Amino acid sequence: MPKLTVDGIAVEVPPNATILQAAEQAGVEIPRFCYHERLSIAGNCRMCLVDVEKSPKPVASCAMPAAEGMVVHTRSDRANKARAGVMEFLLINHPLDCPICDQGGECDLQDQAMAYGADRGRFHENKRAVKDKDLGPLVATTMTRCIHCTRCVRFATEVAGVPELGAVARGENMEITNYLGQMLSSELSGNVVDLCPVGALTNKPYAFGGRPWELRKTESIDVMDAVGTNIRVDAREQRVMRVLPRIHEDVNEEWLADKSRQACDGLSNQRLDRPYVRKNGKLTEATWQEAFAAVTAKVRGLPGAKVAAIAGDLCDAESMFALKELMTALGSTNIDCRQDGAALDARNRASYIFNTSIAGIEQADAILIIGSNPRTEAPILNARIRKRYLKGGLQVGVIGPQVDLTYKAKNLGNDAGIVSQIASGSHEFANVLKNAKKPMLIVGQGALARADGAQILAAAKQIADSCGLIKDGWNGFNVLHTAAARVGGLDLGFVPGNGGKDVRGILDGASKGEIEVVYLLGADEIDSAKLGKAFVIYQGHHGDRGAHRADVILPGAAYTEKDGLYVNTEGRVQAALRAVFPPGDAREDWTIIRALSESLGKALPFDNLAQLRARLRDAAPTFATVDKVQPAAWGAFGTAGQVNATPFEYPVKNYYMTDPISRASRTMARCTEAFVMGGAQKTGTDG
Amino acid sequence: MSARELAKDQPASFAFNAEYLERAKKVIAKYPAGRQASAVIPLLDFAQRQEGWVTRPAIEAIAKMLDMAAIRVLEVATFYTMFNLAPVGKTHIQVCTSLSCAVRGAGDVLKTCKDKLGIDAGDVTADKAFSLIEVECSGACVNAPVVQIGDDYYEDVDPASMAKLIDAFKRGETPKYGSMIGRDGSAPAGEPITLTEDPTKPIPKQDLAAAKAAFEKAKAEAAAKAAAPKA
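Chains as they are written, first to last, in our numbering: chain A, 100 to 786; chain B, 221 to 451.
Please note: incorrect hints may appear among the correct ones.
Listed next, the in silico BS3-like pairs over lysine-lysine satisfying Cα-Cα at most 30 Å (straight line) [claimed, not checked]:
id, chain 1, residue 1, chain 2, residue 2
1, B, K250, A, K509
2, B, K336, B, K390
3, A, K230, B, K228
4, A, K570, A, K490
5, B, K245, A, K509
6, A, K397, A, K611
None of these hints come from the bench; they were simulated from the model.
This one's a predicted model, so the numbers in the text were calculated from it and none came from an experiment.
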């Protein structure tokens, strides 16, 4: 543990720490461009130069290991002069286009030029100009502004695992570029915008959309996948302008997946902003009173068994809980939050959460992935597996279609029968798991949402038990969800009660006429053709599949428009805050259900969110602790039986369009065109 | 000048021929497993020797051989100006115009090349026999001006000898490399002007007393001059 002094402050740092890290520990800030704590050290911007006593030259503090007895001065004349020199060189070729640059106001170069820049330049020759690169529909480039910190190159190579960016040529001609016009094919590409210390890489959909000081910032939780990424929603007036990641070491570190970042323009399109009632086969605009009257007329007096409710993938826990209470009041047990019909067992919490935790992946040394493509289902979680992979000594086996996960993974074949083989120990990968110190398995919705999902779940449990995945302080059994609402729904028991029907049963009953009323709470991923002649109430925020089939539409709030609790795939309860108000007559979802319950004569016993949450905590104690993962007790679950030896299919076919918000997003449509259809669909009539 | 880019017209494919494949395998075998990427510069050189220039299929083939991303190979190929990213002539003339060569008349040498070949620096003659480029320091400043043709250095070049060289290459000959004015390596031109004594003879004895007397005399004279009244 070397001891050194930084600006007179004595610090003791771990071995291998750099001077810059020592300075951070001492509370001394050192300017930097290329250094980033989550990327490898490049040491090429030279902005972090400091003065070290007995050193003949200023040293780059980001790359210099802190040594015993060092005396570092970060504010000495020599250090300041060195940085001013570096800044002058950087500004030689950097254009003075801050007024038209999207980075303005949140630009590292701008900020640091205030501290170290001269008030005039001494360079009278021509500034260089660099051709812009096409990195796809998400990242705009103005390469003349680039200062060659190579953060984007290191991010793409190390974190995203797509080595497509590089620095070609040398000296003044050096350029950051993609390989021969290839687009940046990563689900994490938006992060290079956050990493870029200047305005060379900016947010393309947000281009010229606003200045940082105009935006109202709200800390919230993302719902585009089940990771529960911590986000900051930047809004101006009543419009969400952009979404940025927040740091949460145990969940997303500081990354944000592209869909979560860029689908926010979908929040302004295709919105349901007033109630609708179907009259003579046509949806017509209505008032709340008319909509409630239509529902009441249909539901009142109907036996509970003829009423059913399905919760969608983006629902907050409060609205699901309110709907569950309402259905209970109506005497119905036909409720389900598993739209895809996944065989998740709500009775045992350990059977449906990511027990290892996302941060726990970093300790694993063998991973078996069953019917899941984490790269598209949870890019942030996939980045964590890659982070673990880069440390070395990780073995990954995948059962499912062959895909590029950005790390080396052995494809064991695409045959569900392999799960049973590993469970019985006859497959070689069983030995890999047995020999590993901390083995884990990930079961995806591609495996559970099959007819034999319960059997696969049982086989996965058998693997966990027989291959030593469950040890003291280690639970290697994990379910990777794709829906942000799923774990919350299971936690609060939004599953069929006694004699109740699940999603398959509800759709079956509806097409046979046994179920007359179906309440869809943001449920769009079901086969609405199977709803038959049932009276469909759709409560949600987008005019998507569910709304098209609805008889009554109750306009709800999207995730940025309500305070809500979401439980991520780990079982971590997180609170999202309202950034903007719902458009038009739309209301927060739990208030709609509360108002409807009154109209139905079954008034629910809560009048505000605090009362609702108190009741929710009583019913499901896991909601009492926000931002803590409650470890789940291991127990029996799944249904033992024959697993069909058929291939898996991954649940996410098009990463960029998985829910009503991303389907309404123009940016996501552009991404689909560029990355999923591969631009091959272009015809002579395009552009 | 902007970044060096790959030529627009690229061949469809690339594969090492038997000889270079053999050599490439030998180079790769020098490095430990997982560190094959170290062989990228020799392999690019082999590709250039085989094809005359570094093609895009070659970059991709080498990337595949060394299990590295194509952009990493492109970075190396564009960093070193010795890799030709576009086709060159059969005789590729590289005139050094860095400082030492410039003060010794590289400008005239370059002009001679341009005039004789009828092309500008960076161009290839219509018959693809010659190409001409300006390069930064070739590292033979002591024999400036230097012109590299193929793997050989032609040193102490002046317009006349440059014209002769081009004529020889036009005839299909390969003139002798080295100094054009007959210097032996980098030895001085003409007769030696220092260390001319016969090193086998003993060093002549110095007369220390006489030297001391001369020193004292000079000292006294200087003192007398300082003491004299100013004129």
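Review point. Which hint numbers doesn't this structure obey?
Key: Failing hints: none at all.
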